[in-house]
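Letter by letter, the chains look like this.
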Amino acid sequence: MHRLSAIVARGLRRTYGGTTALDGIDLDVRPGTVRGLLGPNGAGKTTAVRILTTLLRPTGGRAEVAGFDVVTHPRQVRRSIGLVGQHAAVDEQLTGRQNLELFGRLSRLGAKAARARAAELLERVGLDHAGPVSAYSGGMRRRLDLAAGLILAPSVLFLDEPTTGLDPRSRADLWRAVRELAAGGTTVLLTTQYLEEADQLADRITVVDAGRVVAEGTPGELKARLGGERLVVVVRDAERLAQAAAIVGRATSAAPEVDQDTRRVSAGVGTEGVRVLTAALTALSEAGIEAEDVTLRRPTLDEVFLDLTGGDAR
Amino acid sequence: MTAVPVTEGPLRRLGLALADGWTVARRDLIHWANQPMTVVFGVLFPVMITLAFGYLFGGAVDVPAGADYFAFLMPGMYGMTMLFGLGSTMVAVATDASRGVTDRFRSLPMAPSAVLVGRAVADLLHSVLVLAGMLACGLAVGWRPATLSGALGAAGLLLLLRFALLWAGIYLGLVTRDPGAVTAVQTLEFPIGFLSNAFVAPSTMPGWLGAVAEWNPLSSTVAAARELFGNPGWGGDSWIARNAVPMAVVWPLVITAVFFVLAVRRHQRLDR
Numbered sequence: 001m002h003r004l005s006a007i008v009a010r011g012l013r014r015t016y017g018g019t020t021a022l023d024g025i026d027l028d029v030r031p032g033t034v035r036g037l038l039g040p041n042g043a044g045k046t047t048a049v050r051i052l053t054t055l056l057r058p059t060g061g062r063a064e065v066a067g068f069d070v071v072t073h074p075r076q077v078r079r080s081i082g083l084v085g086q087h088a089a090v091d092e093q094l095t096g097r098q099n100l101e102l103f104g105r106l107s108r109l110g111a112k113a114a115r116a117r118a119a120e121l122l123e124r125v126g127l128d129h130a131g132p133v134s135a136y137s138g139g140m141r142r143r144l145d146l147a148a149g150l151i152l153a154p155s156v157l158f159l160d161e162p163t164t165g166l167d168p169r170s171r172a173d174l175w176r177a178v179r180e181l182a183a184g185g186t187t188v189l190l191t192t193q194y195l196e197e198a199d200q201l202a203d204r205i206t207v208v209d210a211g212r213v214v215a216e217g218t219p220g221e222l223k224a225r226l227g228g229e230r231l232v233v234v235v236r237d238a239e240r241l242a243q244a245a246a247i248v249g250r251a252t253s254a255a256p257e258v259d260q261d262t263r264r265v266s267a268g269v270g271t272e273g274v275r276v277l278t279a280a281l282t283a284l285s286e287a288g289i290e291a292e293d294v295t296l297r298r299p300t301l302d303e304v305f306l307d308l309t310g311g312d313a314r
Numbered sequence: 001m002t003a004v005p006v007t008e009g010p011l012r013r014l015g016l017a018l019a020d021g022w023t024v025a026r027r028d029l030i031h032w033a034n035q036p037m038t039v040v041f042g043v044l045f046p047v048m049i050t051l052a053f054g055y056l057f058g059g060a061v062d063v064p065a066g067a068d069y070f071a072f073l074m075p076g077m078y079g080m081t082m083l084f085g086l087g088s089t090m091v092a093v094a095t096d097a098s099r100g101v102t103d104r105f106r107s108l109p110m111a112p113s114a115v116l117v118g119r120a121v122a123d124l125l126h127s128v129l130v131l132a133g134m135l136a137c138g139l140a141v142g143w144r145p146a147t148l149s150g151a152l153g154a155a156g157l158l159l160l161l162r163f164a165l166l167w168a169g170i171y172l173g174l175v176t177r178d179p180g181a182v183t184a185v186q187t188l189e190f191p192i193g194f195l196s197n198a199f200v201a202p203s204t205m206p207g208w209l210g211a212v213a214e215w216n217p218l219s220s221t222v223a224a225a226r227e228l229f230g231n232p233g234w235g236g237d238s239w240i241a242r243n244a245v246p247m248a249v250v251w252p253l254v255i256t257a258v259f260f261v262l263a264v265r266r267h268q269r270l271d272r
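In the order they appear, the protein sequences are chains Y and U.
Okay, so the first sequence: first residue is 1 according to full-length UniProt numbering, each after it adds one.
Okay, so the second sequence: first residue is 1 according to full-length UniProt numbering, each after it adds one.
Since the hints were made in silico from the structure, they are not lab data.
Please note: incorrect hints may appear among the correct ones.
Unchecked claim - What follows is a set of in silico ranges between Cβ atoms, one per label pair, in the way DEER data are often shown:
id	chain 1	residue 1	chain 2	residue 2	range
1	Y	Ala119	U	Leu29	14 to 24 Å
2	Y	His87	U	Gln186	23 to 33 Å
3	U	Thr183	Y	Thr59	50 to 60 Å
4	Y	His87	U	Val250	34 to 44 Å
Don't be surprised by glycine CBs; every beta carbon is placed ideally from N, CA and C.
Kindly generate the complete structure, drawing on both the sequences and the hints.
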């Protein structure tokens, strides 16, 4: 196996009774990078995280985290990892500080060091003045959960759908925290159902579906495979549609599609969406063409999967 | 990164495991400090039931001449209190499992046994507290133990039953992983309690039901407690009724032997 990888998996399989949750997954995550594991519900993302964090045994294949085999050396793996799961796995009846001290002591930091680490982490996630966890908002719980995952300053951090159910502001806070950790050298593996999230955070994305890896690459590579974003303009006056199509064509340097019935002009914009959008709007306005609606549409996750799984109906 | 595993001696590992267990148990003690009213109500609940039974139904129960119903009832209620512990252990275990707290523990480099050891220690301490409250309640309503040594022996047998039920609670909590499912078990606690000698003499029940009540492990503990406290008992000529004290040791040991193994296996196989 790769000695240079923080996470390695080879042919990782897991079955529950007759159902196959993971059908042979390979992973190589370089230290200090963020890997996105992208896939729909039931793709096997959580199963993969549970195996890599020693919570579940694989039924086939093998995996190493931080240089240790997850099946034969679980304790060593646990000393090197942090886990932030789908639930905020914290004790409701304790305060945030008491939670972190508990997990710190159980990570064998010793009482004094656990106290100091709890105080440090609470300040870092902005919860140093918060009371009992039962009164926390969803975002606060998730931040406490993240802090709990960071107790041991892990070299590898696992985040299982960390922003599911969070409001946009809490999500932005969490994204910032992940970026800071990665900048500090922590290897991060995060699972998500959101293309945007993987795009924002991950150095490389592994797309999984039905327990298999269906694609892997940088966000740019994956987007290129999908043809990127499309600019869509709805023109108010149907008679100026041809003129609008010509303008959009020039701005995007692509052949636009024109739909007479809906007075719609659309064209691919590659990765230059905002620049092209501005240019097209300026040109339309200079020509005196009134737009009823202008959108820059990103490919949806559905489209990613339809594309990556060869258009199979799901 | 190096792949050389860190080795620890067996004694050091045991010491660390016990320290981890205490840390997990300590979590419950912090709960009590954070929510003292929960502890107070935990003690008040069996006290209220005791008063309700003693003062409302007590007059309707035939007790041997000269005896007070509370003298019969109190050891029965002490036993019931131990039985109620089954539900609270199950709730605690199922809540941790369903909220992901158990997984959090399992992802830490702590001794895996600490999760169970901590739960056992915390619940036993809680039961000592509740039993103390119940004994105070008994003394307040006129119940009296004959000797201190007998009282300590009876308390020991009661806690031994609690210890046995603890493992049943841990096992059931790990199997269901659903705090809601505990309601079903808690609903069964009263029928199990009624189907014993805790409240009335089994001889007043229909023949076969009386036999079931006599062989209820709770009956052995309660009868043994009555004997050791020096309180009047219901009597009974059956073998099981005549051997209450030894059976109050045997029953909990049997329950522990079965459910300790099941609970530990279930806990160890959470990764299967």
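For each hint, the structure was consulted:
1. Y:Ala119 - U:Leu29: 14 to 24 Å: Because 21 Å falls inside the window, the suggested range holds.
2. Y:His87 - U:Gln186: 23 to 33 Å: With Cβ atoms ~24 Å apart, the hint holds.
3. U:Thr183 - Y:Thr59: 50 to 60 Å: Because 35 Å falls outside the window, the suggested range is violated.
4. Y:His87 - U:Val250: 34 to 44 Å: holds, 42 Å
Going down the numbered hints, you'll see the structure goes against just number 3.
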